[in-house]
Amino acid sequence: MGNTKRLSVNGPIGVFDSGYGGLTILKGIRQLMPEYDYIYLGDNARAPYGTRSFEIVYEFTLQAVNKLFNLGCPLIILGCNTASAKALRSIQQINLPKIDPIRRVLGVIRPTAESIGSMTKSRHVGVLGTIGTIKSESYPIEIKKLFPDITVTGQACPMWVPMVEYNEFNNEGADYFVQKYIYELLEKDPTIDTIILGCTHYPLLINKIKKYTPQNVRLVSQGDYVAESLRDYLNRHTEMDVRCTKGGTCLFLTTESVDKFEESASIFLGQEKIKVQSISLE
Numbered sequence: 001m002g003n004t005k006r007l008s009v010n011g012p013i014g015v016f017d018s019g020y021g022g023l024t025i026l027k028g029i030r031q032l033m034p035e036y037d038y039i040y041l042g043d044n045a046r047a048p049y050g051t052r053s054f055e056i057v058y059e060f061t062l063q064a065v066n067k068l069f070n071l072g073c074p075l076i077i078l079g080c081n082t083a084s085a086k087a088l089r090s091i092q093q094i095n096l097p098k099i100d101p102i103r104r105v106l107g108v109i110r111p112t113a114e115s116i117g118s119m120t121k122s123r124h125v126g127v128l129g130t131i132g133t134i135k136s137e138s139y140p141i142e143i144k145k146l147f148p149d150i151t152v153t154g155q156a157c158p159m160w161v162p163m164v165e166y167n168e169f170n171n172e173g174a175d176y177f178v179q180k181y182i183y184e185l186l187e188k189d190p191t192i193d194t195i196i197l198g199c200t201h202y203p204l205l206i207n208k209i210k211k212y213t214p215q216n217v218r219l220v221s222q223g224d225y226v227a228e229s230l231r232d233y234l235n236r237h238t239e240m241d242v243r244c245t246k247g248g249t250c251l252f253l254t255t256e257s258v259d260k261f262e263e264s265a266s267i268f269l270g271q272e273k274i275k276v277q278s279i280s281l282e
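By the numbering used here, the letter at position 230 of the sequence shown is numbered 230, and the numbering carries on one by one without gaps.
By construction, these hints were calculated from the structure, which means they are not laboratory data.
Since this is a predicted model, take the numbers as computed values, not measurements.
We put the beta carbon where it would ideally sit given N, CA and C, even for glycine.
Don't take every hint at face value.
Said to hold, decoys possible - Distance windows between CB atoms, simulated:
| hint | residue 1 | residue 2 | range |
| --- | --- | --- | --- |
| 1 | Q277 | I141 | 22 to 30 Å |
| 2 | Y166 | K275 | 23 to 31 Å |
| 3 | P97 | Q277 | 37 to 45 Å |
| 4 | K275 | E184 | 37 to 45 Å |
Said to hold, decoys possible - With a Cα cut of at most 27 Å, we get these calculated DSSO-like pairs of lysine-lysine:
| hint | residue 1 | residue 2 |
| --- | --- | --- |
| 5 | K188 | K144 |
| 6 | K210 | K27 |
| 7 | K273 | K260 |
| 8 | K27 | K211 |
| 9 | K275 | K121 |
| 10 | K260 | K27 |
| 11 | K273 | K246 |
| 12 | K27 | K188 |
| 13 | K188 | K145 |
| 14 | K144 | K121 |
| 15 | K121 | K145 |
| 16 | K121 | K210 |
| 17 | K180 | K135 |
| 18 | K188 | K211 |
| 19 | K145 | K135 |
| 20 | K121 | K180 |
| 21 | K210 | K188 |
| 22 | K135 | K210 |
| 23 | K98 | K121 |
| 24 | K275 | K260 |
| 25 | K144 | K98 |
| 26 | K275 | K27 |
| 27 | K121 | K246 |
| 28 | K211 | K145 |
| 29 | K180 | K145 |
| 30 | K188 | K121 |
| 31 | K246 | K275 |
Can you make the complete structure from the sequences, with help from the hints?
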């Protein structure tokens, strides 16, 4: 931590995820703001984080944040719901003041929560997420802060991330688990009219999710809202914006094998050639 460059740092925007799901966040951000430089860091060797304890997620996420800071990032987006739920607040309150009070770490839960108020008419919202995200109650807590009148119901979907990671999400077998969790959520609260896809992997399941979601229920995918929130943040914080370099580049880092990352990343990004390097966080 001591060798982190302080104060005058200029560099790329960092995006971190435990696996590949954060690539859907990165994709949304780059589509809206292609002129910036980015570094994407995936802790693929230790993914998934969804079932891990608060302490371990915090420890791993802090390692990634320090790595991105040492690579010159003035601003980091935790493009991971589990890291945002279990580690963001501690890093913001405990670690950032010691590391560098001018740098920033932001999450994906707050921007999504902010967008909900104008969407739901019934004021009943559902959240589909990993076990860790649902157990943390981060979405109900954030939404209640902003919109006390909204009722939030969560449903864990433990099989969805593995289906995406193993490229099984288009197979017929995936339908059973997609239908199962959506029906369980709507059984808990049939008046839900808006569902947050509270995991960055879930946009890849969107066609199957739509298939089993009633037409009157709105689905909220995070990529667009996080991107818009980040652009708004940089417009309001010009002192941070000038420190985010703008060369239109993107570097991908993984704690797993480069070949495996390239193969899986193409599922999320839909592009063939990306620049990937293997790194260690420990």
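Taking the hints in turn, this is what the structure says about them:
For the hinted restraint 22 to 30 Å between Q277 and I141, the CB-CB distance of approximately 37 Å leaves it violated. For the hinted restraint 23 to 31 Å between Y166 and K275, the CB-CB distance of approximately 25 Å keeps it satisfied. Distance hint check for P97 and Q277: the Cβ-Cβ separation is about 30 Å, which falls outside the suggested range of 37 to 45 Å. A C-beta distance of roughly 41 Å is found between K275 and E184, which places it inside the suggested range of 37 to 45 Å.
Between K188 and K144 the alpha-carbon distance is near 19 Å, which keeps this suggested pair within the 27 Å criterion. Restraint check for K210 and K27: the C-alpha separation of about 21 Å stays at or below 27 Å, so the hint holds. For the proposed pair K273 and K260, the alpha carbon gap of about 13 Å is at most 27 Å, so the pair holds. Our distance criterion of 27 Å between C-alpha atoms is met by K27 and K211, whose separation comes to about 24 Å.
Using a Cα cut-off of 27 Å, the hinted pair K275 and K121 is violated, with the two alpha carbons roughly 44 Å apart. Between K260 and K27 the CA atoms are separated by roughly 19 Å; this keeps the pair inside 27 Å, and the hint holds. Pair hint K273 plus K246 holds up; C-alpha atoms about 21 Å apart against a cutoff of 27 Å. Simply put, K27 and K188 have alpha-carbon atoms about 33 Å apart, too far for the 27 Å limit, and the pair is violated.
A distance of roughly 22 Å separates the Cα atoms of K188 and K145; the hinted pair therefore holds under the 27 Å criterion. As the CA atoms of K144 and K121 are separated by approximately 16 Å, the hinted pair is consistent with the 27 Å bound. Only pairs whose Cα atoms come within 27 Å are accepted, and K121 paired with K145 is accepted, the gap being roughly 18 Å. Restraint check for K121 and K210: the C-alpha separation of about 19 Å stays at or below 27 Å, so the hint holds.
With a CA separation close to 19 Å, the supplied pair K180 and K135 stays within the 27 Å bound. In summary, the hint linking K188 to K211 is supported, as the alpha carbons are separated by about 19 Å, within the 27 Å threshold. Among the hinted pairs, K145 with K135 is consistent with the structure: their alpha-carbon atoms are about 18 Å apart, no more than 27 Å. As the CA atoms of K121 and K180 are separated by approximately 25 Å, the hinted pair is consistent with the 27 Å bound.
Simply put, K210 and K188 have alpha-carbon atoms about 19 Å apart, close enough for the 27 Å limit, and the pair holds. Note on K135 and K210: the hinted pairing holds, with a Cα-Cα distance of about 25 Å set against a maximum of 27 Å. For the suggested pair K98 and K121, the alpha carbons sit about 43 Å apart, so the restraint of at most 27 Å is broken. Pair hint K275 plus K260 holds up; C-alpha atoms about 13 Å apart against a cutoff of 27 Å.
At roughly 30 Å between alpha-carbon atoms, K144 and K98 are farther apart than 27 Å, so this suggested pair is violated. Restraint check: the Cα-Cα separation between K275 and K27 comes to about 15 Å, which is no more than 27 Å; the hinted pair holds. As the CA atoms of K121 and K246 are separated by approximately 40 Å, the hinted pair breaks the 27 Å bound. About 32 Å separates the Cα atoms of K211 and K145, which puts this hinted pair outside 27 Å; it is violated.
Only pairs whose Cα atoms come within 27 Å are accepted, and K180 paired with K145 is rejected, the gap being roughly 30 Å. Simply put, K188 and K121 have alpha-carbon atoms about 18 Å apart, close enough for the 27 Å limit, and the pair holds. For the suggested pair K246 and K275, the alpha carbons sit about 18 Å apart, so the restraint of at most 27 Å is met.
Going through the hint list in order, the structure does not satisfy hints 1, 3, 9, 12, 23, 25, 27, 28 and 29.
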